[in-house]
Amino acid sequence: MHIPDGFLSPSVCITGYALTGGVTWQCLRQIDRDRDIQANIPKASLLTAAFFVASLINIPIPPTSIHLIFNGLMGALLGYYAFPAILIGLFFQAVMFQHGGMSTLGVNAIILGTPAIAAYYLFQQRHLLRDKKPFLTTILSFASGAGALLLSATMFAILLVTNISPDMDINAERTAIFISLGGYGIQAVIEGVFTVMLISFLERVKPELLNS
Amino acid sequence: MTNLIETAEQLSIKTKAVSLRNLCFSYEQERAILTDINLEIASGESVGLIGANGAGKTSLFLAVCGILKPTYGEIKLFERPIQTGEFNPEIGLVFQNPSDQLFCPTVRDDIAFGLENIGLDPEEIKARIASALSLTGVTHLAERISHQLSGGEKCMVAIAAVLAMLPQIVLYDEPSANLDMRARRRLIKFLQSSHETTVVSSHDLELIIEVCDRVVMLNQGRIVADGTPEEIMSNTSLMEANGLEVPHSLTHSHRR
Amino acid sequence: MTNLIETAEQLSIKTKAVSLRNLCFSYEQERAILTDINLEIASGESVGLIGANGAGKTSLFLAVCGILKPTYGEIKLFERPIQTGEFNPEIGLVFQNPSDQLFCPTVRDDIAFGLENIGLDPEEIKARIASALSLTGVTHLAERISHQLSGGEKCMVAIAAVLAMLPQIVLYDEPSANLDMRARRRLIKFLQSSHETTVVSSHDLELIIEVCDRVVMLNQGRIVADGTPEEIMSNTSLMEANGLEVPHSLTHSHRR
Amino acid sequence: MKLILDRYAYLDSPLHRWQQGYKLIGLLSLIFAFAVIQNIWLLPLMVIITWVLFSLSEIPVGFLIKRLRYPSWFIFAVVILLPLISGTTPILQLGYLTIKQEGSWQAILISVRFFCILTVSLVLFGTAPFLNSIKAMRSFGMPRVIVDMTLLSYRYLEELGEMLTTMQRAMKLRGFKARGFNRRTLKVFAQLTGSILIRSYERSSRIYQAMILRGYGSQISKKKQKKIEFDQSDRYSLRATITVVTMAILLIVLEAILPSFP
Ligand SMILES: Nc1ncnc2c1ncn2[C@@H]1O[C@H](COP(=O)(O)OP(=O)(O)OP(=O)(O)O)[C@@H](O)[C@H]1O
Ligand SMILES: Nc1ncnc2c1ncn2[C@@H]1O[C@H](COP(=O)(O)OP(=O)(O)OP(=O)(O)O)[C@@H](O)[C@H]1O
Ligand SMILES: [Mg+2]
Ligand SMILES: [Mg+2]
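Protein chains in written order, with the working numbering: chain A, 1 to 212; chain B, 1 to 256; chain C, 1 to 256; chain D, 1 to 262.
These aren't lab readings, by the way, just hints derived from the structure by calculation. The structure displayed is predicted, hence computed values, not measured ones. A virtual CB, placed ideally from N, CA and C, is assigned to each residue, including glycine. Possibly wrong hints are sitting among the right ones.
[Unchecked claim] Using C-beta positions, here's what the derived DEER-type ranges look like:
(1) A/ILE37 with B/ASP226: 11 to 21 Å
(2) B/TYR72 with D/ARG17: 52 to 62 Å
(3) C/ASP121 with D/LEU11: 26 to 36 Å
(4) D/LEU11 with C/ARG80: 49 to 59 Å
(5) B/ASP226 with C/SER150: 23 to 33 Å
(6) A/LEU128 with C/TYR27: 53 to 63 Å
(7) D/ARG17 with A/LEU128: 28 to 38 Å
(8) D/ARG17 with B/ILE118: 33 to 43 Å
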């Protein structure tokens with residue numbers, strides 16, 4: 001779900017960079033308030049690297065296989081650090097694997113990063129209830145994982161289809177968006193289920209990782 | 001199941017458990033990591049593999065297991081060529097760092113992992129877990145979270161997980177690194193009593209002396225010596241030429 | 001700068017480099033990890049710290065450096081109480097796994113990291129890097145990428161990064177784990193020639209015998225013995241009671 | 001995992017001699033100029049500039065092709081549809097399918113832009129050690145937190161990649177094979193990912209301790225911001241940058257004044 005170079009008009013690319021700058025600045029302000037910023041930078045960096053590596057895992061879905069995006073999960077685990085983490089991850093991907101591109105880095109960061117922040121707010125809600133926590137956590141994990149992906153997919157599809165060609169008619173655009181969202185719907189479910197499984201694993205083995 | 005294995009064991013008294021012929025390997029085209037390795041290991045033998053860092057011990061193990069594809073030569077286990085990239089049930093590998101091998105929440109899940117992969121039924125799985133745990137002496141850890149175990153405990157659990165698959169050949173890659181003496185002593189006892197064909201790679205030469213009845217020395221991807229532990233390890237010039245030192249237990253008994 | 005250190009060194013001939021009084025520590029309220037540790041180390045001494053896995057060696061080191069806050073007791077370095085959670089320039093710690101300590105991309109960046117943090121000017125930084133590299137014998141690695149070094153090289157670079165800060169006390173946490181013999185021998189040579197007050201924790205008792213002139217034995221967070229290496233390590237009953245073994249170099253010379 | 005990006009970073013070509021900070025300014029502005037282009041007439045010019053830069057860099061063509069292979073699939077999948085669904089002027093009728101003119105031009109435009117930008121990016125990041133690129137970004141006033149995080153995560157990428165490879169090997173050696181897609185497969189992958197996250201997290205706390213012990217976060221280090229200055233004396237890099245930026249501006253101007261085609 002990375003828009004490659006060459007697809008978007010320069011105004012969209014520049015808007016993407018501007019928005020990314022703004023969101024990053026906001027996140028950094030939040031991070032600066034963090035009491036443990038010194039300790040959290042190594043933690044966020046290592047987890048950024050870990051997520052990058054984990055996104056290389058091939059999940060087989062015959063006849064093909066998919067890579068997971070993990071932006072909801074990153075939001076849930078990293079909070080405000082998730083946005084810079086995603087920005088850095090995208091930069092690595094663009095430079096090392098030619099996924100996405102340098103001109104579209106800003107746009108891609110918005111597509112994947114803002115849903116991560118939304119997932120963070122959502123996942124925080126699990127502190128609402130005292131009891132019935134496991135159930136609530138399951139629901140929220142699923143919603144964070146699947147929701148973030150759907151949100152990203154929607155932005156991705158709309159941006160791509162509306163920008164690709166000035167001569168396409170509205171109906172064709174609408175069809176194209178819905179078709180691609182259908183495909184991403186399946187991935188969203190997988191991503192949601194995966195997030196549930198992973199959060200429950202972490203909760204069992206290393207709960208500290210979730211409470212920060 | 002058990003019958004089958006016993007037959008295999010009886011058979012294997014005559015058979016070669018591992019036979020490598022002209023094995024060559026390199027990661028990329030560049031530099032050869034393993035060069036023309038010829039090695040035969042009889043069933044039931046216990047072989048130590050020694051050599052400096054980067055000599056190619058781990059790479060050799062991975063090739064024998066079928067993980068790395070040799071660039072040349074052939075690898076046979078019990079006279080059958082191995083299937084590269086596939087699971088070869090005859091052989092098991094205990095990794096250098098046990099954490100690489102433990103990824104399920106509890107010890108029990110971890111041991112069950114391999115058994116579920118080969119599609120055993122729950123009863124059989126339960127029985128195998130119990131016997132692997134008791135064999136390695138860690139029955140009391142069954143319900144613990146693997147990640148939170150101490151180094152020595154992790155090591156024994158990793159071994160249990162491999163043994164539960166009932167391999168006939170087990171490769172141990174530096175099993176005693178980071179163990180304290182008590183855990184190391186337990187490991188030595190365990191290795192001495194185990195019946196499988198074993199190959200142990202280690203920098204801990206004292207451990208090799210206690211566990212193995214044959215030593216193979218590797219240097220820059222070539223076998224440079226092969227013989228009994230005493231013969232090879234007390235040969236000062238050979239050891240030093242290959243970046244090793246004669247272990248204390250041998251220097252003293254020879255000097256005086 | 002250099003003058004100051006020399007004065008300190010001259011002074012410290014009489015002073016205690018480390019003094020721990022009634023030190024207690026536990027991670028959470030639960031279990032005590034260190035209990036009532038009393039220890040004095042004179043400046044220039046070289047002390048070995050031994051004990052089974054989980055005895056509390058690493059925790060003790062982290063407490064002495066000011067990373068972990070003791071639950072009770074006091075820690076003084078050169079008669080001054082340390083500042084917990086802050087940087088204490090008198091002391092440096094070489095971690096068990098050098099990769100944890102080489103977090104900058106290249107060797108040079110890594111050694112510069114600490115020097116930049118204490119606000120030295122670029123000229124001084126350059127000079128210190130050069131001298132730390134040559135002291136540890138790894139000048140040729142300066143521009144290499146830390147990740148691509150071999151185990152032994154990483155170990156020496158990690159030491160160089162700590163020494164560049166000119167600590168008067170250096171703690172080494174299992175420096176020889178995972179080294180092959182050649183690298184280990186180089187490390188021993190280096191430790192024998194170093195002038196700082198050193199404390200070495202290790203399971204490698206032969207290394208302790210060669211490097212240290214005093215040994216402190218830890219068991220379940222308590223000091224159970226303190227003396228010369230020969231005295232302590234050849235005491236079979238003491239060693240075995242604490243989960244250790246008499247090293248080969250001592251058994252043989254005593255038995256015969 | 002091998003991040004072979006830096007493989008040709010140590011050659012000695014005109015592009016390697018160009019200081020990375022200056023090069024970033026120059027080639028990034030060129031990339032943006034390329035993104036601006038809508039006019040078909042300018043495409044040959046774009047290709048020529050790209051080709052000159054690439055051949056000056058002395059990076060082997062095979063390396064470029066290998067790196068183009070994967071993203072090209074995505075481009076291909078999208079672009080192949082454009083002539084069919086976009087535009088009004090039919091140029092060819094193939095049974096039910098009508099190839100339309102506007103869509104076809106659009107497809108060519110997108111593919112060429114994509115190819116040129118990608119090649120220039122490869123030249124930009126392939127002709128210097130990746131570290132220099134990150135460090136150069138610091139000199140553009142990138143926030144400290146971001147630069148620190150980038151450096152630190154870059155440092156551990158390959159180590160964590162090896163961790164993943166080793167763990168996947170261990171799984172395979174115990175008979176794990178992702179046969180089809182089911183609950184168990186997904187759970188195993190979740191546990192694998194979780195284990196990597198936990199191990200990285202624990203590692204980060206040791207790294208943090210090591211950093212504190214070398215004065216990280218102490219009062220002095222907070223005050224002092226390290227800056228890499230541009231080496232003013234490097235006339236060559238300066239000239240190269242001015243040339244390329246001028247080219248970029250020229251392209252944008254041409255785009256604005258040339259009549260559009262068709
Ligand atoms: N994935 C890889 N890609 C390229 N080269 C590798 C890779 N893994 C190992 N090597 C190289 O192969 C050689 C042999 O490595 P190997 O790990 O087999 O040695 P070893 O004998 O197990 O060493 P150690 O005692 O340190 O475990 C080394 O020179 C190493 O640098
Ligand atoms: N972060 C932590 N939280 C809770 N307990 C811990 C933590 N780190 C260590 N411990 C516990 O503290 C005890 C002492 O650990 P420590 O690492 O100091 O031992 P050690 O002597 O260094 O052992 P080793 O030889 O394995 O390095 C152990 O029982 C360990 O389980
Ligand atoms: Mg190895
Ligand atoms: Mg320790």
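To see whether the hints hold, each was checked on the structure:
As the Cβ distance of A/ILE37 to B/ASP226 is approximately 58 Å, the hint placing it in 11 to 21 Å is violated. Under the hint 52 to 62 Å, the C-beta atoms of B/TYR72 and D/ARG17, about 42 Å apart, miss the expected range. Between C/ASP121 and D/LEU11 the CB atoms are about 34 Å apart, so this pair conforms to the stated range of 26 to 36 Å. A C-beta distance of roughly 54 Å is found between D/LEU11 and C/ARG80, which places it inside the suggested range of 49 to 59 Å.
Judged by the Cβ atoms, the range 23 to 33 Å given for B/ASP226 and C/SER150 holds: they are separated by roughly 26 Å. At roughly 30 Å, the beta carbons of A/LEU128 and C/TYR27 sit outside the given window of 53 to 63 Å. Distance hint check for D/ARG17 and A/LEU128: the Cβ-Cβ separation is about 60 Å, which falls outside the suggested range of 28 to 38 Å. For D/ARG17 paired with B/ILE118, a C-beta distance near 58 Å fails the hint of 33 to 43 Å.
Checked against the numbered hints given earlier, the structure breaks hints 1, 2, 6, 7 and 8 and satisfies all the rest.
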